[in-house]
Amino acid sequence: MISVPKQSEVHPSERRIILKNADNPDYDVSIDCYERHGGYEVMKQAFSSRKPEELCQEVLDSEVRGRGGAGFPAGMKWKFLDRKSGKPIYLICNADESEPGTFKDRQIMHKDPHQLIEGMMISAYAIQAAEAFIYIREEMPLGAQILEEAIAEARAKGYVGDNILGSDYSCDLIVHRGAAAYICGEETGLIESLEGKRAYPRIKPPYFPAALGLYMCPTIVNNVETLCNVKHIAEMGGKEYAKIGRPGNTGTRIWCLSGHVKNPGYYELENGKFTYGDLIYKIGGGLREGRTLQAVIPGGSSAKVWRAGERFSGKLRSGEAFDWAIDDVPLDFDGPMAAGSMSGSGAVIVVDDSVDIVEVLANINAFYAHESCGQCTPCREGSLWMKKITTRMVNGGAREEDADLLASIGDQIAGRTICAHGEACAWPTQSFVAKFRDKFTEKAKEDPEKASKRPFRLV
Amino acid sequence: MAFELSTEILEYIDKLIPRYPEKRSAIMMILHAIQKEKGFLSLEAQEWVAEKLELTPIQVREVVTFYPFYREKPIGKRHIRVCRTLSCALNGSYAVCDRFKEAFDTELDEISPDGRVTVEFAECLASCGTAPVVMVDDKLYENLNDEQVEAICNKIKEETPANPKAGNTDVS
Ligand SMILES: Cc1cc2nc3c(=O)[nH]c(=O)nc-3n(C[C@H](O)[C@H](O)[C@H](O)COP(=O)(O)O)c2cc1C
Ligand code: SF4
Ligand code: FES
Chain A
1 MISVPKQSEV HPSERRIILK NADNPDYDVS IDCYERHGGY EVMKQAFSSR
51 KPEELCQEVL DSEVRGRGGA GFPAGMKWKF LDRKSGKPIY LICNADESEP
101 GTFKDRQIMH KDPHQLIEGM MISAYAIQAA EAFIYIREEM PLGAQILEEA
151 IAEARAKGYV GDNILGSDYS CDLIVHRGAA AYICGEETGL IESLEGKRAY
201 PRIKPPYFPA ALGLYMCPTI VNNVETLCNV KHIAEMGGKE YAKIGRPGNT
251 GTRIWCLSGH VKNPGYYELE NGKFTYGDLI YKIGGGLREG RTLQAVIPGG
301 SSAKVWRAGE RFSGKLRSGE AFDWAIDDVP LDFDGPMAAG SMSGSGAVIV
351 VDDSVDIVEV LANINAFYAH ESCGQCTPCR EGSLWMKKIT TRMVNGGARE
401 EDADLLASIG DQIAGRTICA HGEACAWPTQ SFVAKFRDKF TEKAKEDPEK
451 ASKRPFRLV
Chain B
1 MAFELSTEIL EYIDKLIPRY PEKRSAIMMI LHAIQKEKGF LSLEAQEWVA
51 EKLELTPIQV REVVTFYPFY REKPIGKRHI RVCRTLSCAL NGSYAVCDRF
101 KEAFDTELDE ISPDGRVTVE FAECLASCGT APVVMVDDKL YENLNDEQVE
151 AICNKIKEET PANPKAGNTD VS
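Protein chains in written order, with full-length UniProt numbering: chain A, 1 to 459; chain B, 1 to 172.
I should point out that these hints are in silico values taken from the structure, not numbers from a laboratory.
Treat each hint with caution, since some may be false.
To be verified - Below are the DSS-like pairs computed for lysine-lysine, each with C-alpha atoms no more than 25 angstroms apart in a straight line:
1. A:K197 x B:K15
2. A:K197 x B:K23
3. A:K6 x B:K101
4. B:K101 x A:K450
5. A:K20 x A:K157
The following block holds chain B by itself, in its conformation from the complex (with noise of 0.2 angstroms):
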């Protein structure tokens, strides 16, 4: 199956790429939306990124590759990111992320069962003087203490219906 795009993305990488002085500088936010679109970056989404900023693809495949957020495989629904740097740390991060894997069945940087979430660790959040903190998605979360993180589990399972067969994906 040949790989797609819808048009509000390509429309947007159209008007991205002319900004850069030189194209190649746009890989990184090209990346970013398709991860988004996509959930994930396929090899044939780092080939239509060669293709259309005249690289090689293993140009690509090396950002890709080199940078933490860019995922060749699905994740879950939802993206949990717990902080485990050290202000965090010395603020209970670790037993955070143990709550965030309970109520999800998980382990960690795998899909839950229900297809829900992939529970991470993450480095400095930049938000050290809120700690502990935990990113969902886009959103960032501070002072964590059980009864929220127990409240945004809850959210979670409210707004984001089981799937135990698809994570975050295209390919489901």
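So here's chain A without its partners, still in its complex pose (with noise of 0.2 angstroms):
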């Protein structure tokens, strides 16, 4: 059995749901720990007890939503699913964990697999699945032969694989390795990549998973948290899960803490029961001695980026008036949405001012350039573009006119693509020049033999 090291301590403002056991130090990745602490028995009534829309029907009222970046209700999500097609439904698990900033998926598959393995296997049987894939990166080997491992323990036991507890409800189980993409965490470019193709994204409509998605049969994507969130919820029942957090923002989630903080890691907490300000201050310890705040990113770096000191005024979608600073912002879906950027995958990176903020975007833009599969012209190209001016900035040839044009870039990409790796690149650049417009300007006055001086690098 492999053993994986415990991290840090519980915080005692976390309520910890889906983590509940996987960082306590007598707690291990077999089967007969997971049965000795009430594993699998959630998935023996389900399937003794419960008809599957009785259970997608749970799911649609705990109002959960996907926790891999676009907070779309999952009850919802699987209500779409063509079941007039009479075409076999797959599930898909997706553990590509790809977003700069997220490491969550990977502590549930590091330390709990049969909790993700429940939560998949109550989901296929809710939605009649014929075949389950989890789809994980190849950057987490330990993780895909913890969960190779753990399935095969399972299907052992009769809960993965033919006539499933004894049902007539057969599904089997696959691992699937990626291999370095960031595209196939997007859900149509993971199907393609599971289809033994270039991990190209596919144009929605009409490629909507849920009407055609793996082999051009009804597909559900979701999340690894959003699957375990199954397993609890099938437990507590839709209504009483919905209590948990607050109306539309239900359940807890697991959030990434990193950058420039005292307190770096992953914390469960009740949804809307936190601002921003609790988990980088109270709960991640803070800035390091001496530094003052400069930005946060609030959901992944592809998220739109706060700069310190910036206060957010609106109206609520419950009508009511709100005038927020960073630190006020509610830590959940909806918060920062309202402040103009969005939660995405729960990655809340924190930059103090002992860094460059272009060369914080030139390593953004870095990544998405990477990262563009290339088929759409304003992605591929515009990407690059914003990659090499942000670069030659940083390497001392920054110019008066660059902020504008790289607005200009961003502006061309975003709303102009297949899939929403055109926002995911567009957005922190535009954020970033909106923002943080002076230090742009004040870079293209800068001594050109600075640059190479500063604490981190760009190639």
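Join the two chains into one complex using the hints; note that each chain is given alone, in its own frame.
The structure is reproduced here in structure tokens:
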């Protein structure tokens, strides 16, 4: 059996549901341990006494929103499944975890793989999937190995495979490894990749996976954390689950905190009960000694950046007026959205005043340019231009007109591409230029000699 | 010379293919297995896979050239991937990379003169909370500082004999 080092103390503010056992010192990845902690009981109960439709209804009632990035309600997505076609239905777990700043799915797969398997098999039964897949990034070979071993154990006990738990329902579960391409996290890119091709995303519509997914069959793609939630929804009932968190932002979420904070890590918190200020200062320990905040990226590096000192005001969907500083933004799905950004994959990246903000954008741009699949000209060319411009600026060749040029390239990418990678690469540039224009202008006046003395460099 | 694979891999591949609803889906897992054994994916290897899955060689080549992890050339015996993405960069990954390059007297993406390593930059390795991180082959090292990087380098030197002529390849 593989053992994985445990991490971080559980912060008193956390409400751990998904990660309840993961970091307990006496908890391991074996099926025996999982069963000792009540594992597979929910699945047994679901298979013996509940109809698939009932389980789908529970997920709908729970109002659980997808934890992979877009925050779309899972129950609604399942409802869109085309059941009339008569074609087999597939379930895919998106374990690509490739958005920079995100490292929560790794914890689940490494430390509590059976929870994911149980969540997936309940989901597979609920949607009546013919086969289920876990698409895991290549960079997690240990995760793939742990899952393979866990599935073999689950298969031996009749939780996976033919006539599961003595029912007429059969479903196999396959672990499939990616090969280091970010675009495999995009659900239609993932499907192409699983079909054995380049991970070129498909145009939506018509290729909404729920209608035309894997092998042109109805397919559900959900994130690791989302599928684990299904187990807890089945256990406590959708309506009960919906009481956790806030309306429209139900359940807990695992937030990934990284960058310039004293206590980076993952923290499972009830949705909407905390703010970004709580996460960064109270839970994350705040900034390093002597440093001040420069920026916060609230939801993975593709989310629009916030500048320290910024305020956000407007009206919430409920009609309630708000006027927030970064520290006041509710830590849930709707809060960051109201503040002009998004919670995305739940990855909060903190940047202090020790680094050059243009360099931060250059680093982000290098990522999205490298990861464009190349199908659409605006994304393929535009992301590379943005990378070249910000790299040149960092290397001592900044020009007065660069901020405008960057903004214009970003504007020409967003909304003009096959998949949302277009937005993922345009949003950082658009928001950095809009919010830090003075820093971009200053750069053009800087002594090029200074460029090589920075704390980190870009190739 | 005909392209050959160990019986172990052949058995693995024969078990793998029927698990997928369509044969072609097995391609990535097969390429992983072959690359692990051979070190890289030669044209012969790609043609072999094409034949095995009843694909055209270009269909295999499209996959090999799209995904950064697959390679068509040998690398050093040990594969060092330093995360260069934001959270790691903010925590010193560029300096970590320099240390690896110095320790093995090598440039990025090249086989070191002693044949022991290839140092590469990688995009976010999904461990940003323990930045900076590095992967050596299949193993992740987290929260790196100078001493740990030095210890990793020494460990690699101890475990891996120098062989300036050969990378991790079956054509040495
Ligand atoms: C460029 C791009 C990359 C993405 N990467 C991931 C990823 O790594 N993991 C993930 O779960 N979702 C990712 N997504 C979102 C998926 O397309 C999809 O919405 C998600 O897997 C659905 O699961 P959920 O509804 O459970 O969140 C990405 C989307 C885009 C546009
Ligand atoms: S937007 Fe970019 S990543 Fe998405 S399909 Fe177009 S080129 Fe590919
Ligand atoms: S930025 Fe290095 S692991 Fe994510």
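Ascending list of hint numbers which this structure does not respect: 3
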